[in-house]
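**Student:** Now for the letters of each chain:
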Amino acid sequence: MEKFREFEREARELREKSADWEFIEKQPEPIKTALKVLVENGDLWLAAKISGLPVDEFDEIRIKAKIPVVV
Amino acid sequence: MSTAVADTCFLVHWLRFRDRERIFEVFESIAVPVMVLDEMGARGRVMLAPWLASRRAFLIPRINDYEVEALRLVEFSRSQRLPTLDPPEAYCLAVAKRRGYAVLTDNKAPKYLAQILKDYSGVKILDSLDILALIYCDDLAEAVKAYKEDTGLVFSKTRLKTYGIDS
Numbered sequence: 001m002e003k004f005r006e007f008e009r010e011a012r013e014l015r016e017k018s019a020d021w022e023f024i025e026k027q028p029e030p031i032k033t034a035l036k037v038l039v040e041n042g043d044l045w046l047a048a049k050i051s052g053l054p055v056d057e058f059d060e061i062r063i064k065a066k067i068p069v070v071v
Numbered sequence: 001m002s003t004a005v006a007d008t009c010f011l012v013h014w015l016r017f018r019d020r021e022r023i024f025e026v027f028e029s030i031a032v033p034v035m036v037l038d039e040m041g042a043r044g045r046v047m048l049a050p051w052l053a054s055r056r057a058f059l060i061p062r063i064n065d066y067e068v069e070a071l072r073l074v075e076f077s078r079s080q081r082l083p084t085l086d087p088p089e090a091y092c093l094a095v096a097k098r099r100g101y102a103v104l105t106d107n108k109a110p111k112y113l114a115q116i117l118k119d120y121s122g123v124k125i126l127d128s129l130d131i132l133a134l135i136y137c138d139d140l141a142e143a144v145k146a147y148k149e150d151t152g153l154v155f156s157k158t159r160l161k162t163y164g165i166d167s
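Keeping their order, the protein sequence lines are chains A and B.
Going by our numbering, the first sequence opens with residue 1, and the numbers climb by one from there.
Going by our numbering, the second sequence opens with residue 1, and the numbers climb by one from there.
Just so you know, these hints were derived from the structure itself, not from any lab.
Every value quoted in this text rests on a predicted model; they were computed, and no experiment measured them.
Among the hints, erroneous ones may be present.
[As the list claims (entries may be wrong)] Just some of the chain A residues that point at chain B, by a computed CB distance under 10 Å: (1) F23; (2) V39; (3) W45; (4) I50; (5) K66.
[Said to hold, decoys possible] Estimated spans, in silico, between C-beta atoms of each pair: (6) B:I165 with A:D20: 42 to 50 Å; (7) A:E16 with B:D139: 26 to 34 Å; (8) B:C137 with A:E2: 25 to 33 Å; (9) B:V46 with A:D20: 41 to 49 Å; (10) A:E16 with B:T158: 14 to 22 Å; (11) A:K3 with B:R72: 19 to 27 Å; (12) A:P28 with B:D138: 23 to 31 Å.
[To be verified] When the alpha-carbon atoms are kept at most 30 Å apart in a straight line, the in silico BS3-like pairs for lysine-lysine are as follows: (13) A:K17 with B:K124; (14) A:K3 with A:K36; (15) B:K161 with A:K17; (16) B:K118 with A:K64; (17) A:K66 with B:K97; (18) A:K26 with B:K148; (19) A:K3 with B:K161; (20) A:K32 with B:K145.
Backbone N, C-alpha and C fix where the C-beta goes; we use that ideal spot for every residue, glycine too.
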């Protein structure tokens with residue numbers, strides 16, 4: 001479990017550092033909140049649900065927001 | 001050659017990969033739960049259509065037994081404070097266990113859950129790096145680079161090291 005927590009910490013740092021915050025702040029709600037949730041917890045499915053968009057459409061916005069999915 | 005059931009996030013990314021067809025060098029067919037298809041928008045459905053039309057991919061209907069089992073898995077992961085397991089991943093796990101399929105997912109939670117739950121220990125769970133490694137033995141570093149370019153997905157340094165790649 002500790003190994004997983006360490007991975008999550010590193011992944012979150014990478015998402016925070018890579019994200020285009022100016023782009024994120026310019027998005028309408030609920031997209032903006034969904035992108036912030038994605039940066040925080042890395043859960044693409046949950047973030048897409050919050051955005052109200054299908055996963056692949058939300059993922060296009062995720063790429064524009066420069067938020068990496070870390071595997 | 002066998003069948004794998006694909007989770008939404010894995011499928012969305014893999015379908016964007018330039019060499020996506022090569023997955024059929026590893027699996028004969030890809031099972032797609034209707035629940036997963038419903039999560040996909042126009043682009044994903046268009047990309048998936050040739051696989052469905054050629055019958056290399058097939059749809060799995062919503063089955064109450066699987067949905068109940070998926071809910072049990074979601075509740076278990078919550079109660080044990082395990083990494084978050086989303087319903088489509090849980091559904092894929094339930095299908096895989098009952099049908100003897102592998103699971104394709106880029107999330108950590110299913111792999112973690114399978115390590116903890118004894119009745120899931122026999123389920124093979126693979127992410128995109130595992131699949132790339134199976135396809136590109138000698139050219140894995142190049143494949144990883146291409147996958148990153150096409151999908152915006154990043155592999156952790158620790159995982160890459162396990163495959164002999166120093167990023």
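**Student:** Now look at each hint and say whether the structure bears it out.
**Tutor:** Structure-based check of each hint:
The restraint placing A:F23 at the interface with chain B is violated, with a minimum CB-CB distance near 14 Å, outside the 10 Å limit. Evaluation of the A:V39 hint against chain B yields a violated restraint, the C-beta minimum of about 14 Å exceeding 10 Å. The beta carbon of A:W45 comes within 4 Å of a beta carbon in chain B, closer than 10 Å, and the hint placing it at the interface holds. A least Cβ separation of about 12 Å between A:I50 and chain B goes past the 10 Å threshold, and the interface hint is therefore violated.
The interface hint given for A:K66 is met, as the beta carbon of that residue sits about 8 Å from the closest beta carbon of chain B, less than 10 Å. Against the hinted window of 42 to 50 Å, the Cβ-Cβ separation of B:I165 and A:D20 comes to about 27 Å, which falls outside the hint. Range check, A:E16 to B:D139: about 32 Å between beta-carbon atoms, so the 26 to 34 Å window is met. Between B:C137 and A:E2 the beta carbons are some 32 Å apart, a value that agrees with the proposed interval 25 to 33 Å.
In this structure the supplied range 41 to 49 Å is violated for B:V46 paired with A:D20, their Cβ-Cβ distance being about 27 Å. In this structure the supplied range 14 to 22 Å holds for A:E16 paired with B:T158, their Cβ-Cβ distance being about 19 Å. The supplied range of 19 to 27 Å is met by A:K3 and B:R72, whose beta-carbon atoms lie about 25 Å from each other. Distance hint for A:P28 and B:D138: a CB-CB separation of about 47 Å, inconsistent with the stated range 23 to 31 Å.
With a C-alpha separation of about 33 Å, the suggested pair A:K17 and B:K124 falls outside the 30 Å cut-off, and the hint is violated. In summary, the hint linking A:K3 to A:K36 is supported, as the alpha carbons are separated by about 24 Å, within the 30 Å threshold. Using a Cα cut-off of 30 Å, the hinted pair B:K161 and A:K17 holds, with the two alpha carbons roughly 22 Å apart. Of the pairs offered as hints, the one joining B:K118 and A:K64 is violated, with about 41 Å between alpha carbons and a cut-off of 30 Å exceeded.
This hinted pair does not check out: A:K66 and B:K97 have alpha carbons roughly 36 Å apart, beyond 30 Å. With a C-alpha separation of about 26 Å, the suggested pair A:K26 and B:K148 falls inside the 30 Å cut-off, and the hint holds. Restraint check: the Cα-Cα separation between A:K3 and B:K161 comes to about 15 Å, which is no more than 30 Å; the hinted pair holds. Taking the CA atoms of A:K32 and B:K145, the gap is near 29 Å; set against the 30 Å cutoff, the hint holds.
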